[in-house]
Amino acid sequence: MDADSLLLSLELASGSGQGLSPDRRASLLTSLLLVKRDYRYSRVLFWGRILGLVADYYIAQGLDEDQLAPRKTLYSLNCMEWSLLPPATEEMITQTSVVKGRFMGDPSHEYEYTELQKMNEGDKVYEEEIVIRIKEETRLVSIIDQIDKAVAIIPRGALFKSPFGPTHVNRTFEGLTLSEAKKLSSYFHFREPIELKNKTLLEKADLDPSLDFMDSLEHDIPKGSWSIQMERGNALVVLRSLLWPGLTFYHAPGTKNCGYIYVGTGEKNMDLPFML
Amino acid sequence: MADPPSDPEQPPQQGSPPEPFTTPPEAPLQAEPETPRSQEMLAAQGWPQGAGLGQYEEPPGGLAYQPYLDENLMLEQLQQGQGSLFQQLESAFQDGQPDPLAQYHAYQREEQPFQPYGGAQHGPYMRDDPSLQFSPSELGFMSYDMEVSEPEPRELAVQNAKAYLLQTSISCDLSLYEHLVNMLTKILNQRPEDPLSILESLNRTTQLEWFHPKLDSLRDDPEMQPTYEMAEKQKTLFIKGGGVEGEQEMEEEVADTAVPNIMESAFYFEQGGVGLSSDESFRLFLALKQLVEQQPIHTCRFWGKVLGLRRSYLVAEVEFREGEEEVEEEEVEELMEGADLTTEAHGEEEGGEEDEEKAADVLPKLQWRPPPVIPREESRSGANKYLYFVCNEPGRPWARLPHVTPAQIVQARKIKKFLTGFLDAPVVSYPPFPGNEANYLRAQIARISAATHISPLGFYQFNEEEGDEEEEGGAGRDSFEENPDFEGLPVFELVDSMANWVHHMQHILPQGRCTWVNPLQKKEEEEELGEEEEKGDEGMEEAEQEIGPPLLTPLSEDAEIMHMSPWTARLSCSLCPQYSVAIVRSNLWPGAYAFAMGNLRTCTSAGATSTARTTSTPCCRHPSSRSTPAAWRSWR
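Note that the protein sequences, when read in sequence, are chains A and B.
If you count by this note's numbering, then the first sequence holds residues 955 to 1230, one letter each, in order.
If you count by this note's numbering, then the second sequence holds residues 165 to 800, one letter each, in order.
Chain A with its partners taken away, still in its complex shape (with noise of 0.2 angstroms):
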């Protein structure tokens, strides 16, 4: 969500029962406006909250003009100072699918993680146990990155894409209407679209190459992995995923109002096929 509009977003997202506490609101307000400041991006979004057991983690991502670049990554212990975040890397994700269970709290923390590798030594194949130290925060890194391409959301229409690159947001963008806003595929991926060159050419023929240029949920597999839900009476549309549970994305039709947040453990809901 962004966080010039941090107060009214917050409102709008608290269907789902978890949000942020008073104080972290109020020092959040101030320390984003200092991270825009110093880090000079143009726009800065309020991630969301990963519950650790220690402690929380407060995520912020710094955006630059063209909003499909990759976004930076601060986090957050006390929603005052903030630490900039490594981009995330394949051999992170890889190496950091090892690791199960709650985040604790501490950035240094290290997952220890056993695995027995065959090394050869002239004829000898042995295995041989080696520990493999994971740091909690590329495991943050890695998760925050997965979250992000897997279920990042915005709605159609509020971003466009020049005929020079850069994509911006949309400032006539006045919101989805009520029926547009109940279907899934008036939302898009926040992200470098992947399946969208997979369309035949008669879909192809129907997008606006201004504002369909992402790929939208509709063929998101597993299939209903997305629970669309109309709150406050039909005043506002929220989708929350069902592979990252904590993900919610507010928008309030026909207002400019959308966003995201994650409040979460940042663990993945594996068993999502068996409980659909």
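Treat the hints with care, as some may be off.
[Unchecked claim] Facing chain B, according to a computed beta carbon distance under 10 angstroms, are these residues of chain A, among others:
(1) E965
(2) P976
(3) D977
(4) R978
(5) M1058
(6) S1062
(7) L1161
(8) S1164
(9) A1189
These aren't lab readings, by the way, just hints derived from the structure by calculation.
Just so you know, even glycine gets a beta-carbon here, dropped at the ideal spot from N, CA and C.
Let chain A serve as the given structure and place chain B on it in line with the hints.
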């Protein structure tokens, strides 16, 4: 837009200036406030729509056609020529037709809003203004073939270009000219910042507005219908019932209502970052008040919110007044007994058939007997201590959840499914769940309550009754009351050690009940099945008595989940510890929270549970272990 009245083949050929002026009076009547007027004016002036320059294809002096002259250039020249045209206009026609000119000027004045503030007559936006370019008199002028031979080709080109722009497309009545006028008008009116960057979007929205104008205000927007309906329903919540008995009611209400102080607990939960927004909490309060008025309720509490796929549930934990419940219960019991009888009858019939078949064919006899159904607990005891009502949104009617049976709890421990939001939806799972969503929800509520309802040590104390411990070994005492001498623990102690918190809901045994029942006690009807079966059964199992931790055990006794403590306790605000609240969060059932502060009565709130355990620890435990079953406790 309707076509303007066609006065096409008009005046210019006849060369009588006055005629074009007859139509202007009509124009104001038809004109809409926006730019279509420009077209009207054009038509009023007799300018034929899209007719091209057919009438003017008599270029005097053999001028070459240069239709593709740079339009800007032409317009500039025209602008320069405008002044001369005006002057010629005025000089030639001032005496003759003061009225038409006046009308013309009237138009001009009305055109003012479309021009920039303080725009001079020859400002940049004037050049597109049809009324100025192509004044009525000009039409007559042209055919006279006067001194204006030089600007002529450029004028022709301009007219050409303009006529091209004025062409309406095949599929609609909108011409590019008009669309551009609309768009520029909109930009000028709204003055957005950096319009160049949003040019395409403006283009799109202008077109949209043209083709989808707002419906008139008499008809309701069909899209908003459900929103309005919901608002109506919620409005009834806010209206206080019964005007005449107002005073008496006030006194009664102020005295003692079963409705809890939702706003107060919402405030404390908010300190911990949990809970719905304040207006939602207030609506919830009103909905609970409505529930209390409708049902004979003794105590009521907001248990929490359970998120579903299509709709969510708001759950209220309720205790009926004495004696109120029995009516409904009897009906349910009759149904159950009826079901039991039919199954028993079935068993007897099968026995009979098998005997007959014995003579003909020796079929292997079915050794397996379904395990005896464990009876559910009585209301107001054990897992059925409280009654639960759910509703989807404040304003909608409350629905009562049925009591939970041990079989449902046992099965609910084995499956993990999302709730859809509709109480009668089937729960399709393996192992099959005996019941529909209402039963599943109730079972989950029972598990969560049993695992996560906690309170500070000393808040509740046992009733002083003797002889409790001898009953049914291990069942323990199941009643407690508030401790009037409770002084409150300092917040730091509450946060530091989990031993300062205790469970105040009974633990649910693996059997599915809170008090153990020996399933092997034969009922009379079962003995008719035959002696062989009895002997077989006796050999098979000896039911072990299942013991769970007694009531009011501290949290420090809870088993760990995968090497982590099942509870996380924290101060709500580290910056002001003297005023903060201790918040305890369950790691087993994410979404279960409890808060406590000094003397304050602790409340627990469920937060929003997604009815799924976060960890995958197996739920079967030894009867002798003291751990709580993996369940979310909602804290309330």
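Okay, the hints, checked on the actual structure:
no. : hint  : verdict
1   : E965  : 5 angstroms, holds
2   : P976  : 7 angstroms, holds
3   : D977  : 5 angstroms, holds
4   : R978  : 7 angstroms, holds
5   : M1058 : 9 angstroms, holds
6   : S1062 : 18 angstroms, violated
7   : L1161 : 14 angstroms, violated
8   : S1164 : 6 angstroms, holds
9   : A1189 : 6 angstroms, holds
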